[in-house]
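Enquirer: Sequence:
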Amino acid sequence: MFTVEEVDGVLYVAFSGVQCLRSMNGGLFGDGFFSAVPLSSAGARALFAPLVGEEGGGEMVIVQACVLQLFLSVYGSSELQMLAKEVNDKEVIFTGHSIGGSLAALVTLNFLCSSMSLTSFEPSSLLCVTFGSPLLGNEALSQVILRERWTGKFCHVVSQHDFLPRLLFCPQHSFAPQMTLYLLEPWRFSNVQKAELHQFITSRIATLAMDQKLSLPNQSQSLFMPFGCYALCSTEGIVCIDNPVAVIRMLCLTFVTGSPKYAMEEKLSYGDLVTNIQLKLLKKKMVNIGDGFFDIEL
Numbered sequence: 001m002f003t004v005e006e007v008d009g010v011l012y013v014a015f016s017g018v019q020c021l022r023s024m025n026g027g028l029f030g031d032g033f034f035s036a037v038p039l040s041s042a043g044a045r046a047l048f049a050p051l052v053g054e055e056g057g058g059e060m061v062i063v064q065a066c067v068l069q070l071f072l073s074v075y076g077s078s079e080l081q082m083l084a085k086e087v088n089d090k091e092v093i094f095t096g097h098s099i100g101g102s103l104a105a106l107v108t109l110n111f112l113c114s115s116m117s118l119t120s121f122e123p124s125s126l127l128c129v130t131f132g133s134p135l136l137g138n139e140a141l142s143q144v145i146l147r148e149r150w151t152g153k154f155c156h157v158v159s160q161h162d163f164l165p166r167l168l169f170c171p172q173h174s175f176a177p178q179m180t181l182y183l184l185e186p187w188r189f190s191n192v193q194k195a196e197l198h199q200f201i202t203s204r205i206a207t208l209a210m211d212q213k214l215s216l217p218n219q220s221q222s223l224f225m226p227f228g229c230y231a232l233c234s235t236e237g238i239v240c241i242d243n244p245v246a247v248i249r250m251l252c253l254t255f256v257t258g259s260p261k262y263a264m265e266e267k268l269s270y271g272d273l274v275t276n277i278q279l280k281l282l283k284k285k286m287v288n289i290g291d292g293f294f295d296i297e298l
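The sequence shown: position 11 = 11 (UniProt numbering), numbered continuously.
Mixed in with the good hints there might be a few duds.
[What the hints assert, rightly or not] When the alpha-carbon atoms are kept at most 20 Å apart in a straight line, the in silico EDC-like pairs for lysine to aspartate or glutamate are as follows:
1. Lys90 to Asp8
2. Lys90 to Glu6
3. Lys85 to Glu5
By construction, these hints were calculated from the structure, which means they are not laboratory data.
For clarity, every value in this text was computed on a predicted model and none was experimentally measured.
Turn these sequences into a full structure, and let the hints steer you where they fit.
Expert: Have a look at this one:
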């Protein structure tokens, strides 16, 4: 479900969204994808001890049910136990696409929690970078990550037209059970289906996009809340935001003002999108240096 490669002293651990999907054995059907469970459930309490206390008026930390199920299956594997020893005093980057990114984020949280123990193997530095991944947890999770000063440990790269990072803003019963699997396999979609899906999701998140007040969304709409830093990308460039409420609004606003024509292509080509942005930033830096200015951009 994950691969490990060391490059220039940095250990990269990548989780495959496709392999995660296959390993679910149908667990994403029905409301499974939209369901949330306490992080302390299913024997996970000891694995996330710093996160499972009550936060924000007694609200429990909850996470996407299918991702927690995936994490527990990976955690029990010999491969992850070996990895836990291998990361000692190394720079580690966890990454993944789609559901694989959500799993990478949960594994990162586990390693961060473990690093607080004196008996654990601790990386010298730890970063999680996800690409086009759905939201993972609720406001309580977002708040506890802020409290632990872990916001900078997470960077979520999201393209303008990718529906999956916005999907959990839709009401839980928005999609028929058989649709969930198709939503995670974009190569199945025709151009007509892409347009219909874009219109469908837009109709359900437009209120969040147009809300002039940076206030928390109605809890009846979604249980989920962003955390970490979001890098919102398009062919024109990139903007980074770490305020959870601002992230919600920008995720929705950029989607509803976009075109369904590019939705699936961007979902499948994050590598090309990021490379193009890097080239644009490099070109801009060269122009600024030539004009006598020094411009540093992320």
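Enquirer: Against each hint, give a clear statement of whether it holds in the structure.
Expert: Going down the list of hints, with the structure as the test:
1. Lys90 to Asp8: Holds, at roughly 11 Å.
2. Lys90 to Glu6: 10 Å, holds
3. Lys85 to Glu5: Status holds; Cα separation ~15 Å.
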